[in-house]
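Single-letter residue listing:
Number of protein chains: 2
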Amino acid sequence: MPRHRLRVGALGPTMVLGPGEARHLHVLRLRPGDEVRVFDGGGQEARATLSELDEGRAVLTLGEAVSGAAETPFPLTLGAALLKGDKLSDVVRAATELGVAQVQLLVTARADVREIGPQKLERLNRVAQEASKQSRRAVVPPVRPPVPLAAFQPAGQVLVAQPGAEARVADVVAWHGPLTVITGPEGGLTDAEVAALSARGAHAVTLGPRILRAETAPVALLGAIAALGQ
Amino acid sequence: MPRHRLRVGALGPTMVLGPGEARHLHVLRLRPGDEVRVFDGGGQEARATLSELDEGRAVLTLGEAVSGAAETPFPLTLGAALLKGDKLSDVVRAATELGVAQVQLLVTARADVREIGPQKLERLNRVAQEASKQSRRAVVPPVRPPVPLAAFQPAGQVLVAQPGAEARVADVVAWHGPLTVITGPEGGLTDAEVAALSARGAHAVTLGPRILRAETAPVALLGAIAALGQ
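Protein chains in written order, with full-length UniProt numbering: chain Y, 1 to 230; chain R, 1 to 230.
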């Protein structure tokens, strides 16, 4: 399988890339004749051959389509509250399968865990690596050290799982850009935390009328997003 | 708690039901003055009192709202392939949180487990009981001993998780009656198994372009259904 995936504006018989990308291909030590993958960020992915490469431009020739391109159209971030014991491993594993580009660990008001050791963080990153391989993704999502929820600067559209919210995932998700989903600790986010996120533009979404465990909510929410077909 | 839940078009101070429903209430041996629950299928649920009942119609008087009514509008069944080790416990736990009315274990072509001992089945039922309590449900979903997939008679609308399917959960789920979701073993259901289910009316649905572990797929699929807000 080609090791490099390049984003292009649109898939076409011949795709011309500019100086920036040409330089990047030089850095990757690619040579004319090498195979890469190209994707358009909208779910289309294909094999391609690098047919020309000089300082100013690169030309790619389209190969066969890759069915089941594994990445979401724009980066998907999970902001996950710290959880006790080994629960975060399960969350990271499932989140990787469900397509997240990164996991940002969060310290929240009700957290009964407020920090995480370097060994545990390394372990979570190994879990992401294994899960990525197992689910045939080309990307290993980094698991980032915890930041306080109030300091978290989520990218793009933001969904926060909240029992009793009226909006449903399918009503809200747009995929016009990056998407961030935030899930709380045991006991949930506080009303003040959800209000603060909402004030910054986050959409509170329901996961149905039942109380979910903190480790089930991210899987259910990311499952709902995956089931939207992206 | 009232034993009978009736679906109504919308919750209102007085709700009038037609001859079909009136007959149904007779069959249930309900009498004026009896308490029931009414729900609108959109997440609203309340207590109600049967104030009139004759051959042609029934009149219900609205009581107090039931907050966080935890049951799906119609019974939701998970048909889950047998899995190795303790994975079924995780599936049963999450499925209970996500609202299933029962779990039917299935023996499938690629199963590397073909039976389950009585102790393990009892254990799975204990897991369902604990999860039901934890998620504040009034119902404990039974975990039923395995049957071959070909012998399984699923109730109502049937969804089967299949990588590469075109339909999305949100496109398909109707909640006009019982709903059954079927998920495969490690390695997935065979094409023949999915074809046989489709021939019997099942909808194959996508969970996105990535390969999910057998124990993640049911959580993601039930999460998607829960996120539809029922």
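For the record, the hints were derived by calculation from the structure and aren't laboratory data. Even glycine gets a Cβ: it sits at the ideal position worked out from N, Cα and C. Honestly, I wouldn't trust all of these hints.
Using 30 Å as the maximum straight-line C-alpha spacing, the simulated DSSO-like pairs for lysine-lysine come out as follows [what the hints assert, rightly or not]:
1. Lys133(Y) x Lys84(R)
2. Lys84(Y) x Lys84(R)
3. Lys120(Y) x Lys84(R)
4. Lys133(R) x Lys84(Y)
5. Lys84(Y) x Lys87(R)
6. Lys87(R) x Lys120(Y)
7. Lys84(R) x Lys133(R)
8. Lys133(Y) x Lys133(R)
9. Lys87(Y) x Lys133(R)
10. Lys84(R) x Lys87(Y)
11. Lys87(Y) x Lys120(R)
12. Lys87(Y) x Lys87(R)
Sample of chain R residues with no beta-carbon within 12 Å of chain Y, all distances over it, derived [unchecked claim]:
13. Glu71
14. Ala161
15. Ala196
16. Ile211
Here are some, though not all, of the chain Y residues that point toward chain R, as calculated from beta-carbon distances under 8 Å [claimed, not checked]:
17. Gly117
18. Pro118
19. Gln119
20. Leu121
21. Arg136
22. Val139
23. Ala220
24. Ala224
25. Ala226
26. Leu228
How the hints compare with the structure:
no., hint, result
1, Lys133(Y) x Lys84(R), "21 Å, holds"
2, Lys84(Y) x Lys84(R), "26 Å, holds"
3, Lys120(Y) x Lys84(R), "27 Å, holds"
4, Lys133(R) x Lys84(Y), "21 Å, holds"
5, Lys84(Y) x Lys87(R), "20 Å, holds"
6, Lys87(R) x Lys120(Y), "23 Å, holds"
7, Lys84(R) x Lys133(R), "26 Å, holds"
8, Lys133(Y) x Lys133(R), "36 Å, violated"
9, Lys87(Y) x Lys133(R), "20 Å, holds"
10, Lys84(R) x Lys87(Y), "20 Å, holds"
11, Lys87(Y) x Lys120(R), "23 Å, holds"
12, Lys87(Y) x Lys87(R), "14 Å, holds"
13, Glu71, "8 Å, violated"
14, Ala161, "9 Å, violated"
15, Ala196, "23 Å, holds"
16, Ile211, "5 Å, violated"
17, Gly117, "25 Å, violated"
18, Pro118, "27 Å, violated"
19, Gln119, "25 Å, violated"
20, Leu121, "22 Å, violated"
21, Arg136, "5 Å, holds"
22, Val139, "11 Å, violated"
23, Ala220, "3 Å, holds"
24, Ala224, "3 Å, holds"
25, Ala226, "3 Å, holds"
26, Leu228, "6 Å, holds"
Hint compliance for this structure: hints 8, 13, 14, 16, 17, 18, 19, 20, 22 are broken, all remaining hints hold.
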